[in-house]
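**Q** Protein chains in written order, with my numbering: chain A, 3 to 439; chain B, 3 to 439.
Check before you lean on any hint, since a few could be wrong.
Which copy is meant is left open, because identical chains are indistinguishable; a pair holds if it fits in one copy or across any two.
Straight-line alpha carbon distances no greater than 16 Å define the calculated EDC-like cross-link-like pairs of lysine to aspartate or glutamate that follow [what the hints assert, rightly or not]:
| hint | residue 1 | residue 2 |
| --- | --- | --- |
| 1 | K242 | E204 |
| 2 | K368 | E293 |
| 3 | K242 | E332 |
| 4 | K195 | D21 |
| 5 | K400 | D337 |
| 6 | K266 | E60 |
| 7 | K242 | D118 |
| 8 | K195 | E205 |
| 9 | K242 | E257 |
Treat the hints as calculated values from the structure; they're not laboratory data.
Residues per chain are reported as follows:
Number of protein chains: 2
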Amino acid sequence: MTETTAVSLEALRTLHAADLADRLQRLPAEEACALLRQLPPDTAGAALAEVEPENVPEMVAEMDPRRLADLLQRIAPQDAVDVLQELPPGTRRAALAALPAEVAAGVRSLQRYPEDTAGGIMSNRFIALREDMTVAQVRELLRSRAEQERTEDVAYLYVTDAGQRLVGIVSLRDLVFRRAERRMGDIMNRDVKHVGARTDQEELARQFEHYHYLGLPVLDEEGRLAGVVKASDALEVARKEATEDMQLMVGLSGEERALTPWHKSVGRRLPWLYLNLVTAFAAASVISLFENTIARWTALAVFLPIIAGQGGNAGMQTLTVIIRDLALGELSPGDGRKALLKELMLGLINGLAIGIVVGVAGYVWKGSPTLGVVAGAAMLLNQLAAALSGVMIPLGLKLLRVDPALASSIFLTTVTDVAGFFFFLGLAALALRLVPS
Amino acid sequence: MTETTAVSLEALRTLHAADLADRLQRLPAEEACALLRQLPPDTAGAALAEVEPENVPEMVAEMDPRRLADLLQRIAPQDAVDVLQELPPGTRRAALAALPAEVAAGVRSLQRYPEDTAGGIMSNRFIALREDMTVAQVRELLRSRAEQERTEDVAYLYVTDAGQRLVGIVSLRDLVFRRAERRMGDIMNRDVKHVGARTDQEELARQFEHYHYLGLPVLDEEGRLAGVVKASDALEVARKEATEDMQLMVGLSGEERALTPWHKSVGRRLPWLYLNLVTAFAAASVISLFENTIARWTALAVFLPIIAGQGGNAGMQTLTVIIRDLALGELSPGDGRKALLKELMLGLINGLAIGIVVGVAGYVWKGSPTLGVVAGAAMLLNQLAAALSGVMIPLGLKLLRVDPALASSIFLTTVTDVAGFFFFLGLAALALRLVPS
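The shape of chain A in the complex, shown without the other chains:
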């Protein structure tokens, strides 16, 4: 080991784990691997827990399973689970086998829950008390735990019965100033808000946001206390989740980042672009139906993208606000009709406001009042189609139990293109028959 490496190792050790992880992820994979092998196991483990899921496999690709197991048993079990599930099955099995039996059991019990549920986010390192414990006993317990192990920040302690069912909650604050002989059963608050282990992460974030908790207890299927979720963990998940919607809307995977290697991005983006191409040809075939009309009246080709584009933009506004409100739980499915009526009202007003401008512009620019009337009317109709599909697409996807954001912008612009082209060219063809120019 050269002098330089020794110095930089020393500097890295003093960083916060999250900052160290950032550094490692900016290095070439081999260098990051080498550092993870050389750093003290506590430091390396804490950093590994903070590495983005996507970068985990290459960081530990060449690591000895025993070294990996050594790192994993030094971090919170839920972080170990997150690391393990990014690994190929062979590596995962080897690392699990190298873990002490007790740690492996803790990891396995967490692995039962999907990543995007309360069970997948919770920590199972919590302190559970019994009703008959005194304040003095609990203080002693906290002292011994603090010496024994790296413990998490806690704000609440949970009281369980013999069957491990949650019966009450005690704040650390109470423990500070209650008399030493008081029992948990007397001082605990019995009205405990909790979530099930299968609760979806969006719902979990909503609970935190709505009630301003610092932590929430998680119960398993039998009502036993299984873990605790901290507000800051829910925050991380909620931010990722909220930005995932904007990515899904435009046909991006939720894992896509600006600096994801291009060869990975191609495989993720191209399929959506091909799907979009199919829908674009469907819209184009509507134009193709009216090629004769365009041949007689080429100014139509100039206005086509205006009609379709304005529909697409208004529709995206409707779509975005509906998806946002669904994601944040501010729009319940029962509100669908109210939202639809509102958006149709907006479509009517915006349609008239834009339709009149486009109609006048059509007349002034191309000198044809017929073109003005046709363009204005098509604009109005397409704004209504945009409002309708902006509401119905996300609600429909939700009904099909798909994320309401999934590729919704592709579906929406298909509707506004097809409808826009059809209204405009259809009306134009009709006008040409009625008012020979």
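On the provided structure of chain A, position chain B as indicated by the hints.
**A** Chain B in isolation, oriented as in the chain A frame:
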């Protein structure tokens, strides 16, 4: 008061404040106002603190300033500030005048900070200790505070010097099991992470997410402890902020909701649609330049929206991922070149992959190999234009100190429309001259 109202009042009193606020917001304004007047001041105040900012004015429109002041002094000062700033200046002044001088001063000191900064989000109800206080004294202080006032969940206590400057942090946990005679100066942790009162809310959320804190102390310009932000408050802000980006991108105000009354929505959405109309006419005028070409070759009109639309979709993917990474602090401005090279690489590959399909389709569908070559080449060029503008538009907006999401989709589709039409029709015109069909 009728029997029915009395019963429902009783039922409402037992709700969590956040749930009560939800109920009130779903009632007609007059009914909500009446309930706020009839509910006990503690309950009414707590509910008012949870009402969405937008709905605050109509809830308190008819309320007596003394009643309003009574409610405000029962809630956290930062919540009182949030309520006050939604009110018309006259009502605000009347309510402030009716507040006890001490409470009014607390409110005024918070009003100094913009809503979207740490100072605007923090609570100034924190417990500050001195270095020479003993564990026993602090326990006594906590007990007396708990009896005196409704206090917030706390996980940490802060230690300040004579100049109110933050010098250390003590966890409640330490207070539970440390010996009664230990002094804060000995047991406190001197390495305290903190933020400035002017720290932007996005940066604040990043700090919470990165370091997993339960709470963060906020310092004023002179380095004095000014308040504390809880993780759950940062979470609420971060979720709103993240979804605001998807709204700004499509020209929606961040305050827009699915059930915002339509007359408010019209004023917010229509200006953006008009701006978009101007850009649509700019793109249409490109088509207009080539009207003669279209008159000779109407199949071009069929392919126009395919070329432009695919550019728009690919560009939206690039734009979204860049805006997301900028917002979450995962892309530093120095990474701009790297991101641009990646997106151009993707544009080249996607452009070839889609261009070939469109080229073949053009030949098969319309029987013209020239059309195929022109459409394929225009598709490739427009994918490159999409990649370029998808990166440069948000980075450019950031450079201008505007939110990178602001109306960015409108700018982007202007580029992909103008470039798409120009490449396609320009190449077609050239082809017609070289290869007379």
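**Q** Evaluate each hint against the coordinates.
**A** These are the hints, each one checked on the structure:
1. K242 <-> E204: Both ways: K242 and E204 sit 10 Å apart in one copy and 13 Å across, limit 16 Å.
2. K368 <-> E293: between (19 Å within a copy, 12 Å between copies)
3. K242 <-> E332: For K242 and E332, only the inter-copy Cα distance (12 Å) is at most 16 Å; the intra-copy one is 18 Å.
4. K195 <-> D21: between (34 Å within a copy, 13 Å between copies)
5. K400 <-> D337: Result: close within a single copy only, 14 Å intra versus 37 Å inter.
6. K266 <-> E60: within (14 Å within a copy, 51 Å between copies)
7. K242 <-> D118: Within. Shortest intra-copy distance 11 Å satisfies the 16 Å Cα cut-off; inter-copy 20 Å does not.
8. K195 <-> E205: Classified as within; 14 Å inside a copy, 30 Å across copies.
9. K242 <-> E257: Within one copy, since 9 Å is at most 16 Å while 21 Å is not.
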